[in-house]
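Let's have the full structure, built from the sequences with the hints guiding it.
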Amino acid sequence: MQILSEDFKSFITIKQGLAPESVRHCMSRLGIIHAYFVDKELTKENVEKFFFELKQKGLKNNSLNTYHTTFCQIRYYCRDRSLPSDFYDGFKSFKKTKPDIIIFTQEEIEKILNTHLTYGNFRGKDTSFLDFRYITMTMFIAFTGCRYSEAADLQLKRLDLSAGKATFIETKTNENRTVYFTEPLIENLKEITQGCEPDDYVFRNAMEKHVHVTDYSADLKKRARTAGIIKRTFPHNFRHTYITMSL
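Following the numbering used here, the numbering of the sequence shown begins with 688 at its first residue and continues without gaps.
Keep in mind that the hints were calculated from the coordinates and are not lab data. Possibly wrong hints are sitting among the right ones.
Label-pair ranges, simulated between beta-carbon atoms [claimed, not checked]: (1) L741 / H927: 24 to 30 Å; (2) G718 / D847: 20 to 26 Å; (3) L741 / A706: 22 to 28 Å; (4) T730 / T913: 44 to 50 Å.
Think of the CB as a built atom: it goes at the ideal place given N, C-alpha and C, for glycine as much as any other residue.
Below you can see the structure in the form of structure tokens.
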């Protein structure tokens, strides 16, 4: 049984009310699940084999739980669409492991922001401008303490550069939140949003579209290594750092 991708996306967005970032994660996992079950029936036995193979590949429990969440949504979808849904009965989430919280020093943040990377051409287009965009995105996350998804989903109409503030409407608590910032971030944001429309994303990739977390994370890790930082580096480190410094 193959799940219709667009119909499933509509279901988890509208009926389940998942946030855009959660929808993206589910759709990404659905693609991998589709590839595995392309020549297999969706049964308890095959689902168990699917997880066993992921485990054999070295996936940790936290990563396995992203597939567990997706399978739960698939089961809800099947029930709603009157399709067989007993293929996931009896499966439980994996025991969560909490990684050590990584905090950057102010010096390390400055090193990351002052480290530049080179970019080649993409589809015949010079993409050297991405260095400044990603540095500005990192600066925004570091200086406001926002979550990656909040920065990535920020539209120009939610940005008030004259007042030095941005309002997030897609938050984890489902409540609007406003953050404030000053120079040099304001000037950087002015530069990367020149010529943009109100509904455009503030931070965009080479195709002027939404910046995917995997692309940004890979860029951030490379920038940190180039800066000589050996700590595990993820976008959320900046939020931990911001909160710790605030306390």
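Quick rundown of the hints versus the structure:
1. L741 / H927: 24 to 30 Å: 28 Å, holds
2. G718 / D847: 20 to 26 Å: 37 Å, violated
3. L741 / A706: 22 to 28 Å: 24 Å, holds
4. T730 / T913: 44 to 50 Å: Given about 48 Å between the Cβ atoms, the range holds.
Comparing the model with each numbered hint stated earlier shows that hint 2 is the single one that does not hold.
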